[in-house]
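Single-letter residue listing:
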Amino acid sequence: MNLDRTAVQIAKDLKQVVFIGAYAAIQYGVARSTRDIDIALATPKTDEEFERLGYNTYQERGKKVIRTRNGIKIDVYTKDVSGILIREIFASALTVRKADYPIRIMCLEALLLAKMRAGRPQDNDDIRQLCKLRGKAIRWELVESMARGLETIQLRQYVSALS
Amino acid sequence: MRVEPSLAVVQNLRDSPAYRVSELYQLAGSRATAYRLLERLLELGLAERLNRGYFSLRSSAFQPYRLWPHLVPSLQSFKEARHFGRAYDESDVNYAKKTLHGFLSLDYRAYELTQLQTPHQYYLYVDRVEEAAQLLKTNGFSEGKAGRVSITPKSGNFENGIQRVYLDCLAAGGRSTLDAIAIEIRYRDQLAITGEFPVDLVTKVEEDLPA
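In order, the protein sequence lines correspond to chains S and H. All letters in the first sequence, in the order written, are residues 1 to 163 by my numbering. All letters in the second sequence, in the order written, are residues 1 to 211 by my numbering.
Extracted from the complex, chain H is given alone in its bound form (with noise of 0.2 Å):
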């Protein structure tokens, strides 16, 4: 997917949970084009439509341009995901743990590799997504937007996988980029492709992580 260097206009928001699209009209220059950036900002999967003509921006949005084409697999692969819950606890992380079978990122993964931050969501790229569904949903799983465990498609490189999981934390944004920060300073050795993070932030994890 083209990543357009005009996009990177959206830079100049501050970072902010919940943005108007009327406070894109000017960075954009005119309302038209401030409506096709953000379709455009939706497509990547950088931007989520909210209610009442509110937007929220992902935090990577505001990691340098030039990291933007190293996370549109990742921004695709959440788009693409599919979400399983069935008692919408631990227990449903468990049994997907047990069954399913792939390559583990984000949240869980992130937890193995640095015991920073609790996990939540069992994020897992599956090499068949419509046989790994069919066996949660017979297996009592309901899909929709609540559960825990996550399924998507492998889209992207793998074959350092420190690096992708890296960029799949970098590319969520907001908790995951201190897992991005924590698998940065535990594992830099092994990664190629690095963001870039405030001092006071690369502190905390810093100080957060265990000995």
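Excised from the complex, chain S in its bound form (with noise of 0.2 Å):
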């Protein structure tokens, strides 16, 4: 399983996409994934639209699944992440290389803010792990803008614990 070539394809294929969930926390260091990539877009694509490009849809379980060419499963945001709007994800996105080709993800503050609201086990395993690596490189200005109530002290508390 190779998910940065997987990655750079989808880039390449849907051009305005930002890569979130557990394939952005492995940018930062997160050491363990599912074998999803979940994408935010820009502008939503349809289901013809993606199987031109060569990905399967289908339905399964009532839901609609998208797949890579190779079987990756693709979770589409197209409105918001956990309630961070696609604009403010594409605003904050940065950039890094794979493969030699520029991919967009999703920024460190996002990310755990993000994290934090959907609170599984797995997202708690991560921001512990993504406190303990990159506490110090929040920017607090960013996670002051796109956070809700409390969320910013709770996040400090966390780094401060972890960090």
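In short, the hints are calculated from the structure, not lab data. Glycine included, C-beta positions come from ideal geometry on N, C-alpha and C. Keep in mind that a hint or two might mislead.
Said to hold, decoys possible - Under 7 Å between C-beta atoms, here's a sample of chain H residues computed to sit facing chain S:
| hint | residue |
| --- | --- |
| 1 | Ser22 |
| 2 | Asn51 |
| 3 | Leu113 |
| 4 | Gly174 |
| 5 | Ala192 |
| 6 | Glu196 |
Join the two chains, each given in its own frame, into one complex according to the hints.
Printed below as a string of structure tokens:
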């Protein structure tokens, strides 16, 4: 399984795309991830458009599933990611090079907030690792601009406890 | 190791990356009881002390209390595990695969069984820990916290290997919870003891498991 190669192909195919979720977390040093890739799209694509680009789209247990040619599942977000608007995800995204091709990934701050909101065991695990590895690199003004309620204080506490 | 029912009071906390000790005061009834409670959770391996009066809880602390005694051997093995690294990458794991012998568990065994998540830590139960540690050290490995090769003494029941790997993943919690769910989906008939998981987590694993 080479997720980087798959990510580059997705970026080439879909153009206006930001990688979010576990694939973004790996870029910040998180060690483990599942085989799926989560992406944010600036402009929604129809099933026909995905099919034309070589992706398989079908219904599974009542949910739309998109898979790459090599079978990797893609989860597509077109409105928001855990409440963070897609335009904010795009505006704050970072560019990294994979296989000599630039791809855009969700910024650390949005990733942490999204994971805090999801709150599943794997998200809490990732938050712990991200705070340990990258806590000192967090841009707090960016957190403030996307956070709700006490989330900034909460995240500061996690960083203080873990970094 | 004894597991007192009073410890289950921590299940009233919500699963979170870190907690203040003061969050336990009200649950425990007093500050002194809160600190005693935390000490017991640390001894059991369910909690870890962090900076500045914070602590973390393994997500296995939120499994039903009746399961806790089954998790204790795994939790104790995590506490006794020794970690080694040389290049701190996959080559360390490849070396360990070739030279060390024992019972493989957690990430790499879960990956062999389910192919759900990329593995990271090579976690091996060995008969003679000191001997294995010396072998690694004489071959350039250093012992510390960050190494990807972990060795630990065998304790608890290994008769049903799949069950043991499952309980190790369940006890480790966090991302390993997904491994436990995947093992349960694939090897349900080989498990006598199983955990409880939110439906959305099980659905996610079902969707992500390779066909």
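Hints, one by one, checked against the model:
The closest approach between the C-beta of Ser22(H) and any C-beta of chain S is roughly 12 Å, which is over the 7 Å cut-off, so the hint fails. Hint on Asn51(H) holds. Least Cβ distance to chain S is approximately 5 Å, under the 7 Å limit. At about 15 Å, the closest approach between the beta carbon of Leu113(H) and any beta carbon in chain S exceeds 7 Å, and the interface hint on this residue is violated. Annotation: Gly174(H) was flagged as interfacial toward chain S, and the flag holds, the nearest CB pair being 3 Å apart, inside 7 Å.
Annotation: Ala192(H) was flagged as interfacial toward chain S, and the flag is violated, the nearest CB pair being 23 Å apart, outside 7 Å. Hint status for Glu196(H): violated, given a least beta-carbon distance of 12 Å to chain S, over 7 Å.
Taken one by one, the earlier hints fail for this structure at numbers 1, 3, 5, 6, listed in ascending order.
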